[in-house]
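Residues per chain are reported as follows:
Protein chains: 2
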Amino acid sequence: MESTIKQYENIRKKMLAYQFVNFMISWDSNTEAPEGCFPLRSRQVGILSEETYKLQTAPETVKIIDELYLRRDELDDEVLKHEITESKEGLDKLKKVPIDEYIDYMSLLAESESIWAKAKRGNDYEIFRPTLEKIVDFNRKYIKYVETDKLKGYDILLDEYEKGMTIQEYDQFFEKIKTELVPFVLKIIDSNLEINDEFNKLHYPKSEQKEFLEYIVKVLDFDLNKGVLKESEHPFTSGFGTTDVRITNHYYEDNFTSAIFSGIHELGHALYEQQVSPDLDYTLSGGGGSMALHESQSRFYENIIGRSLEFWKIHFPKLKGIFKKQLRGVKVTDFYKLINKVEATLIRTEADELTYPIHIMIRYDLEKALFNNELEVKDLPKAWNAKYKEYLGLDVPSAKEGVLQDIHWAGGSFGYFPTYALGSAYSAQIYKVMNKDFKVLKSLETGTTKEINLWLKEHLHFYGSSKPPKELFKICVGEKFNPKHYINYLIKKYSKIYNIK
Amino acid sequence: MESTIKQYENIRKKMLAYQFVNFMISWDSNTEAPEGCFPLRSRQVGILSEETYKLQTAPETVKIIDELYLRRDELDDEVLKHEITESKEGLDKLKKVPIDEYIDYMSLLAESESIWAKAKRGNDYEIFRPTLEKIVDFNRKYIKYVETDKLKGYDILLDEYEKGMTIQEYDQFFEKIKTELVPFVLKIIDSNLEINDEFNKLHYPKSEQKEFLEYIVKVLDFDLNKGVLKESEHPFTSGFGTTDVRITNHYYEDNFTSAIFSGIHELGHALYEQQVSPDLDYTLSGGGGSMALHESQSRFYENIIGRSLEFWKIHFPKLKGIFKKQLRGVKVTDFYKLINKVEATLIRTEADELTYPIHIMIRYDLEKALFNNELEVKDLPKAWNAKYKEYLGLDVPSAKEGVLQDIHWAGGSFGYFPTYALGSAYSAQIYKVMNKDFKVLKSLETGTTKEINLWLKEHLHFYGSSKPPKELFKICVGEKFNPKHYINYLIKKYSKIYNIK
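Protein chains in written order, with this note's numbering: chain E, 3 to 503; chain D, 3 to 503.
Any given hint could be a false lead.
As the list makes no split between identical chains, a pair holds if one copy fits it or if it spans any two.
[As the list claims (entries may be wrong)] The list that follows gives simulated cross-link-like pairs (lysine-lysine, PhoX-like), each with its CA atoms no further than 25 Å apart:
id, residue 1, residue 2
1, Lys232, Lys120
2, Lys203, Lys320
3, Lys434, Lys469
4, Lys56, Lys16
5, Lys154, Lys189
6, Lys384, Lys327
7, Lys232, Lys212
8, Lys495, Lys15
9, Lys315, Lys441
10, Lys143, Lys441
Calculated from the structure, these hints are not laboratory results.
Here chain E stands alone, though its shape is the one from the complex (with noise of 0.2 Å):
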């Protein structure tokens, strides 16, 4: 047993290396690769696929976590005994899947993104259409390969980015957006609130956006000794273990606003790898619980606490401070009013807190349709199109401000969108339970949110990956998911601005 403990811990030393060539890898591909290098850039990270696939895969791996698996009862490491069980699971899909056509799918995903980018820019979706095709039918092929008893179809696809959550879950909690969350934002978007914005309309320099999230920063108390803020097209967090965090932001001399809330966003990310446990950057379980539990935490600092009014009691003379002209006259309840402005709009990551997960609901729709096999790449834009006039009322007048908008599925992540909304979710549950050990948002009158990243340490981030995301949800609010939080937490808070009885 001993030894095979030891020849487990090889093998993981070796694959955590193998992870931290893809963050560097794909960090560089996001922020500063020149566009022609991704052919022959393409074929390096193929060739680095089959040599991680060989490493999951061969015999030697695949016997040790089998005997490991057997007797993981023994296993007094929990850690271990958990990361075992995942790459058990794990291991017994991969096997099911041909390497060749593995090795193809990761060579295309190596250059689709850039792309996606291209149709993007050209607002062309036949440029990127016969791309999203062969992720497509890889994605089908793939739950064809690995589906069982138990797990099909894009149920298999869920499972993958939130494990244990299923058609089923997910069905249940869209048809309360639906059915409750939809009303109520007609309602809203009917209702005449008169919001004095004019100063949004006003241009904001990138540099002087750059000094107050430099601020946020330090009121988030994000570590830039253990991490990165740079530029990118689109703002995301990368890292590896929790030593190396980084996000990016992307600014809008037109939309000030734009920068501040991704940033907070993505600094939710960040401190929540940030606050895993340090002896997991040793192991296969640091990083993140899941998606939704990651995505619980941006959301839960992007909007929970940094779209409320006890935040920019303290924070809004900071900003007026920086952008003197143009935010003078401009009271604290203006701004306020302005970043909880309910609109349906086509963006989905310029969405208010309120239409967001409306956004989430279509496209959760639309991959159910695929992989049902309901509706084929080639009608995508037509059936996004009617969705959104369906439940936004909108008329999409281009591919990129459409259905190009996303890179996730010029990455091949289907079932990744519904954790979105499920984060959403997950951070109203957290919210309420958290106010039961402190009073969250008076707590934000010392300046920072110091009080708050303690708590979501002790309560969640610290467990990193090292147990399944249902459970790390579970020991963080002592209950199961129930999406009412949600629905109560938001018609609370936007009845109130809105002056909604």
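Once you've looked at the hints, dock chain D against the given chain E.
Just chain D now, kept in the frame of chain E:
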């Protein structure tokens, strides 16, 4: 045979992928990585180096290379033939060094640079001496292990950095520097040329320096679609293949010519990499042909082109347009004199074009003495200072401005320095030959270096490292290396600037 070649190609693919990984990691470490990430990162780097070493020395790899080497005359593919010969020689050498000594040396090198940095910061040679002694000891033993009838002593180290170069040849070269250049330099230094360089003491904002560098990138026709321009502490060039070539620069607001010339220097390296035949991207024969050949290109663009009057007649107006205030009333001839000002100085990296090879000659003499066992590490500072007195008339006031100034020896690089001077000398010979085909400096009137780039592509760059460096040089200039062209070029140029008859 066919199948052995296929096997070799498979190994080569993996080696290339590991080269790519090294490029990614070292680029990131030098430009982006947060300080706190290094302990965890160095573990990953260690694991990845071990994997690379295992691949290189695996019995299967050795067998395939041995087999192809034995039958190398049957190989039609000249690139492959060259690669196999190189690999065979490298492996044979590696096999002669006891593995435990090699590993000890690698661990020594893993910390030697930080010990050197500490010694330099503290200006105390004694801090570094014991480490340097171990490094020199290993290299003396290494020489014994790998020496053959043909190659002995310091020649072995010289050959590692510049294949085919020997003490005999370097001695002839440096003898010419000693007897012809040194007296000329002393004459120049004694002359009292008046240089109006008050403008050089003004403040030049970084953002405007960057704007000029972006202009220079266009002048030199560096393809940013296959390249990156970035900042770092020390300028360097790095890349993978022809489609991802990256340079960094460092801007000093109180010394505006520094970034211009380090920029042009690195662009010279970068153009070489970008103009290699794209076919070689899939082999181990891409990149520049040798250290000296690489340096010949960076020095060619930096000095022969970049410090010519003809270049600045075209581009000085642009510089004046950017620095209107600072360069008001400054004539192009003033600027030309400034950038060609000759001074005896202590620091190699800040030396001018004319005194530069003297700094290298000093290091060459000292290295030769060390490996001829005529000098011991403890006596190095004394010997260093005596040489600076002898050749440049300077008293060395401190170790950090003397023997501790360069990082190279701390990294175990003995035999590397001479390639810098050789590269400069190569560039003058290339320049002479190029002028037979077209008027090089006159071609600058077009506003770009495109004609020069094309000539260098056809005569040198295109071949990458697919042939031995001496062969590449001969293809380029049609004859053997002859240092007289370098001496003639320098004496002609500086006699004119300094009015020396």
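Hints, verified against the model:
Taking CA atoms no more than 25 Å apart as the test, lysine 232 paired with lysine 120 passes in both settings, with 22 Å inside one copy and 24 Å between copies. Taking the closest pair of Cα atoms, lysine 203 and lysine 320 come within 25 Å of each other only inside a single copy of the chain (20 Å); across copies the shortest separation is 37 Å, beyond that limit. In this assembly of identical chains, the alpha carbons of lysine 434 and lysine 469 lie at most 25 Å apart only when taken from the same copy (23 Å versus 70 Å across copies). Within a single copy, lysine 56 and lysine 16 get their C-alpha atoms as close as 12 Å, and across copies as close as 13 Å, so both meet the 25 Å cut-off.
Taking the shortest Cα distances, lysine 154 and lysine 189 never come within 25 Å of each other, neither inside one copy (39 Å) nor across copies (86 Å). Proximity of lysine 384 and lysine 327 under a CA criterion of 25 Å is satisfied in neither setting, with 45 Å inside one chain copy and 58 Å between copies. Proximity of lysine 232 and lysine 212 under a CA criterion of 25 Å is satisfied in both settings, with 10 Å inside one chain copy and 19 Å between copies. For the identical chains of this complex, lysine 495 and lysine 15 are neighbours neither inside a copy (47 Å) nor across copies (58 Å), given an alpha-carbon limit of 25 Å.
For a Cα distance limit of 25 Å, the shortest separation of lysine 315 from lysine 441 inside one copy, 16 Å, qualifies, whereas the shortest one across copies, 70 Å, does not. Proximity of lysine 143 to lysine 441 under the C-alpha cut-off of 25 Å is found in neither arrangement, the shortest distances being 50 Å within a copy and 63 Å between copies.
Violated hints, listed in ascending order, are 5, 6, 8, 10; each of the other numbered hints is respected by the structure.
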